[in-house]
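Asks: With chain A held as given, fit chain B onto it using these hints.
Protein chains in written order, with the working numbering: chain A, 187 to 299; chain B, -12 to 134.
Be aware that a few hints might be false.
Far from chain B, by Cβ distances over 12 Å, these chain A residues were calculated [what the hints assert, rightly or not]:
1) Gly197
2) Asp198
3) Ala205
4) Leu224
5) Gly226
6) Arg231
7) Tyr241
8) Gly261
9) Gly262
10) Val285
11) Arg297
Partial chain A-side listing against chain B, Cβ under 7 Å, derived [claimed, not checked]:
12) Val196
13) Gly206
14) Leu210
15) Ser244
16) Thr255
17) Thr256
18) Lys281
Treat the hints as calculated values from the structure; they're not laboratory data. Note that the structure is predicted; figures quoted are calculated from it, not measured. All C-beta atoms, glycine included, are put in the ideal place defined by N, C-alpha and C.
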Amino acid sequence: MSAKLSTRQVGDVTVVDVAGRITLGEGASRLREDIKGLLGKGSKRILLNLGDVTYIDSSGIGELVSGFTTVANQGGQLKLLGLTKRVEDLLQITKLYTVFEVFDDEAKAVRSF
Amino acid sequence: MDLEFESSLESVEKAEEIVRRVAGRLGLENDELDRLGLAVHETMVNAVVHGNRYNKHKKVHLSLRNDADRIIITVVDQGEGFDLGSVPDPLNGDNLLRASGRGLLLIRAFVDECEVRKAQPGGTEVKLVKFVRKPEIMGETRGGLQK
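For reference, chain A alone in the conformation it holds in the complex:
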């Protein structure tokens, strides 16, 4: 299944539900475009819900980092929610666990902004 992204608003936080494959090609570029689009619309508190991500590669991880820095450079925050074991593994190996704020609970994540 290729990447499927949908957004919803919870208070002043934009939650992006990401599902499917975030890999080089369509999935990773879709994520990049969506984050850019949200910033363009003025959303600066972005929570990426990765709970339904079935596959992510180094390009997908790169897009998460890129999203994080793009949002931060515009004075916003990008945080992660609901990591699967696979995504968690990759963030540990790449030491990006030290960069991202990661949550298991959506309400807690929303309150943290």
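Replies: Frame of chain A, contents of chain B only:
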């Protein structure tokens, strides 16, 4: 098993799928199968994107062998090769926020051995070795692949 792939992203998926299927038959399962799959995925991406630069005239060769206790995968591209020393360490604090450069790190993390060298007459050869945890299953199927 020797295979030749076009320099495309479809080939990346195809190669991963084939290796996963064979490795699964040889007894690799669950997380370890996922890890090998991702290592092959990243190796193929490097070959297609950085090696052959999507050139339709260049191919990626993948060979798959099995030994008593391991699976050996070799991926060779027809690119210009690269200097391993020039790849920035993605774990270095200065590079942590770079958008790319983590492929080789993941490959090395997910296989038991990884060797990168210049191929002859040109290109890059990457050899991945993954130990299989269930040698009795390996024994049953040994010989199922071309040595």
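Asks: For each hint, tell me whether it holds in the structure or not.
Replies: Outcome of the hint check:
1. Gly197: Holds, because the least Cβ-Cβ distance between Gly197 (chain A) and chain B comes to about 28 Å, which exceeds 12 Å.
2. Asp198: It holds; Asp198 (chain A) is separated from chain B by about 26 Å at its closest Cβ, greater than 12 Å.
3. Ala205: holds, 18 Å
4. Leu224: holds, 18 Å
5. Gly226: holds, 19 Å
6. Arg231: holds, 20 Å
7. Tyr241: violated, 8 Å
8. Gly261: Given that every Cβ of chain B is farther than 12 Å from that of Gly261 (chain A), nearest at about 17 Å, it holds.
9. Gly262: At roughly 15 Å from the nearest Cβ of chain B, Gly262 (chain A) sits farther out than 12 Å, so the non-interface label holds.
10. Val285: violated, 6 Å
11. Arg297: Given that every Cβ of chain B is farther than 12 Å from that of Arg297 (chain A), nearest at about 26 Å, it holds.
12. Val196: violated, 27 Å
13. Gly206: violated, 13 Å
14. Leu210: The hint holds - Leu210 (chain A) has a Cβ within 7 Å of chain B, the shortest such distance being about 6 Å.
15. Ser244: holds, 4 Å
16. Thr255: Given a least distance of 5 Å, the restraint on Thr255 (chain A) holds.
17. Thr256: This hint is violated: Thr256 (chain A) lies away from chain B, its Cβ roughly 10 Å from the closest one there, beyond 7 Å.
18. Lys281: Since chain B brings a Cβ to about 5 Å from Lys281 (chain A), closer than 7 Å, the hint holds.
Violation of the numbered hints given earlier is confined to hints 7, 10, 12, 13, 17; the remaining hints are satisfied by the structure.
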